[in-house]
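With the hints as constraints, model all of the structure from the sequences given.
Protein chains: 2
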Amino acid sequence: MPRMSPQSRRLSEALAAAAAQVNAELDLLLQAGECPERRVHDAMRYATLDGGKRLRPFLVMQSASLFNVSPSSALRVAAALEMVHCYSLVHDDLPCMDDDDLRRGRPTCHKKFDEATALLAGDGLLTRAFEVLAGEATHCDPAVRCQLVGELAHAAGGQGMVGGQMVDLQAASLDMDVNDITRLQQMKTGRLISYGCEAGAILGKAASSLRLALKNYAREIGLAFQIADDILDVEGDAKQVGKALRKDAEAGKATFVSLLGIDRARAQAKMLADQACRHLEPFGDKADLLRSTALYIVERRT
Amino acid sequence: MPRMSPQSRRLSEALAAAAAQVNAELDLLLQAGECPERRVHDAMRYATLDGGKRLRPFLVMQSASLFNVSPSSALRVAAALEMVHCYSLVHDDLPCMDDDDLRRGRPTCHKKFDEATALLAGDGLLTRAFEVLAGEATHCDPAVRCQLVGELAHAAGGQGMVGGQMVDLQAASLDMDVNDITRLQQMKTGRLISYGCEAGAILGKAASSLRLALKNYAREIGLAFQIADDILDVEGDAKQVGKALRKDAEAGKATFVSLLGIDRARAQAKMLADQACRHLEPFGDKADLLRSTALYIVERRT
Chain A
0 MPRMSPQSRR
10 LSEALAAAAA
20 QVNAELDLLL
30 QAGECPERRV
40 HDAMRYATLD
50 GGKRLRPFLV
60 MQSASLFNVS
70 PSSALRVAAA
80 LEMVHCYSLV
90 HDDLPCMDDD
100 DLRRGRPTCH
110 KKFDEATALL
120 AGDGLLTRAF
130 EVLAGEATHC
140 DPAVRCQLVG
150 ELAHAAGGQG
160 MVGGQMVDLQ
170 AASLDMDVND
180 ITRLQQMKTG
190 RLISYGCEAG
200 AILGKAASSL
210 RLALKNYARE
220 IGLAFQIADD
230 ILDVEGDAKQ
240 VGKALRKDAE
250 AGKATFVSLL
260 GIDRARAQAK
270 MLADQACRHL
280 EPFGDKADLL
290 RSTALYIVER
300 RT
Chain B
0 MPRMSPQSRR
10 LSEALAAAAA
20 QVNAELDLLL
30 QAGECPERRV
40 HDAMRYATLD
50 GGKRLRPFLV
60 MQSASLFNVS
70 PSSALRVAAA
80 LEMVHCYSLV
90 HDDLPCMDDD
100 DLRRGRPTCH
110 KKFDEATALL
120 AGDGLLTRAF
130 EVLAGEATHC
140 DPAVRCQLVG
150 ELAHAAGGQG
160 MVGGQMVDLQ
170 AASLDMDVND
180 ITRLQQMKTG
190 RLISYGCEAG
200 AILGKAASSL
210 RLALKNYARE
220 IGLAFQIADD
230 ILDVEGDAKQ
240 VGKALRKDAE
250 AGKATFVSLL
260 GIDRARAQAK
270 MLADQACRHL
280 EPFGDKADLL
290 RSTALYIVER
300 RT
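Taken in order, these protein sequences are the chains called A and B.
Here numbering that gives the first Met the number 0 is used: the first residue of the first sequence is 0, the next is one more, and so on.
Here numbering that gives the first Met the number 0 is used: the first residue of the second sequence is 0, the next is one more, and so on.
Just so you know, these hints were derived from the structure itself, not from any lab.
Hints are not guaranteed to be accurate.
Since the list gives no way to pick one copy over another, a pair counts as held whenever it fits inside one copy or between any two copies.
Think about it this way: if two alpha-carbon atoms lie no more than 30 Å apart in a straight line, the pair counts; the simulated DSSO-like pairs of lysine-lysine are [to be verified]: (1) Lys-110 with Lys-246; (2) Lys-52 with Lys-214; (3) Lys-285 with Lys-238; (4) Lys-111 with Lys-204; (5) Lys-238 with Lys-204; (6) Lys-252 with Lys-111; (7) Lys-111 with Lys-246; (8) Lys-110 with Lys-252; (9) Lys-204 with Lys-52.
Remember, predicted model here, so these are calculated numbers, not experimental data.
Right under this line is the structure:
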């Protein structure tokens, strides 16, 4: 084990504490009693609980803390965002999409259950996320809840994540350059990361300049995250990462690594993380964990 | 052609006029310019435009008219509900679910495009529906919009339509009686129909007794609709109905017809339609089109 810096130790502890809270919240929000439809609830819980770094929820909770938002409001929004992320993984893993058997080191939802159940579990998670955000238990006023719903839907829909997945499916047959890949990744993974960072500003009714600072931070870490993913896809250990690797290369898809080479890709990710940190200047020390997050994103091994 | 009564003629004209408005609204809400993700937008439009009786939107528009709700608000909510209905059809038709090739007399979405595109189109429609409901263009106050989002999500999710689909998938292996089938159908199709009828009351901030009257009306027509569907499945002409028939019997699933026999099923549907009309008494003549709808539902041939 490499020795950890005080910053990474602090981040590591904060991530673990947040993940525990998010898991407990998801457990509560996805309760299901005995009923004939129990199977789909079990699949929704399987796809959501006990796994993942909970990076997006962490971003919600950290950005909310910059604006003195009630932690319970932030936690609920964080859990809803994680449901949307998990739904996207369940559908993405289906045979007609990426056809993956392994996710977070466990059988994917359709392997554990079956395709139809996984399809419905994804649908159920997406739907539940909006129900949670619109609900009074979010403890924020209805105008804020409408904004949370509308912006998450925009980030996740045809002009966001779903649109990005559509382009990704066609990527192997398209001649994509760095700009095309950047746009694709901003849609496919960037929008939800950005939502996570901006959710705190929405909840806190922040000045637009501060929201913009978080949006800019999110743009840089979103891209850095994807470049790091592409590097992990080439250099990583499937067992440690918990999912199948080197699928992009096998499918003939362009990636940041295939287009830039691994050294330039690594340098680019580092530069983006540094830029991301600079966008946080207006927040002073309060944003230190978000700064550590930017560095963690490019250095992570899973 | 059988001669139409004045009531059915009036309903027929009102349904056609509402369908034209809903189609125009959906066309507007699902606009897409030229972009790399165009394919998923085309699939979303294919699955939504130019088809269907638009019964659920009609229920929204009619129930809204009882409370002097602005027609443009009602139309927008109607279109969002239709998106959720169409998403459910797209996912339901997929090979891992009902594996249907024909819908509304045309190739199903995954036949016209491909499975991955159909999956994403369904996801995109569900997401877009919530974006539309949460948006300011609904022209109602944020608390009402939150309620519209929350209740639609509840009706469509794991304790509603998705839950019903889960039970339906297992139906062939379960020993289901009329009560079980009733519960299943209330979840699978009843909840969205009920949402359509109650949406007008939500938009119009109606007294709870009036909302309850609509909910009771919806419960009866929802069941009548399903019994009529089961009868059509046995007696209907696939070409006229526009989808494959007799799949339930082939799959060994219990239906209202298999449990009650066709004569009792028909009598039951008629009785439910009459009961439905009685729930509309508080609304007087203003609810005449909803009364005709109840009768149309049990007599329809498609």
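Each hint, compared with the structure:
Taking identical chains as interchangeable, the C-alpha atoms of Lys-110 and Lys-246 lie at most 30 Å apart whether they share a chain (19 Å) or sit on different chains (26 Å). Taking the closest pair of Cα atoms, Lys-52 and Lys-214 come within 30 Å of each other only inside a single copy of the chain (21 Å); across copies the shortest separation is 43 Å, beyond that limit. For the identical chains of this complex, Lys-285 and Lys-238 are neighbours neither inside a copy (36 Å) nor across copies (66 Å), given an alpha-carbon limit of 30 Å. Taking the shortest alpha-carbon separations for Lys-111 and Lys-204, neither the intra-copy value of 42 Å nor the inter-copy value of 45 Å comes in at or below 30 Å.
Taking identical chains as interchangeable, the C-alpha atoms of Lys-238 and Lys-204 are never at most 30 Å apart, the minima being 42 Å within one chain and 55 Å between chains. In the homo-oligomer, the alpha carbons of Lys-252 and Lys-111 lie at most 30 Å apart both inside one protomer (28 Å) and across protomers (25 Å), since each shortest distance falls under that limit. Taking the closest pair of Cα atoms, Lys-111 and Lys-246 come within 30 Å of each other both inside a single copy (21 Å) and across two copies (27 Å). With identical chains, the CA atoms of Lys-110 and Lys-252 are at most 30 Å apart both within one copy (25 Å) and between copies (25 Å).
In this assembly of identical chains, the alpha carbons of Lys-204 and Lys-52 lie at most 30 Å apart only when taken from the same copy (27 Å versus 43 Å across copies).
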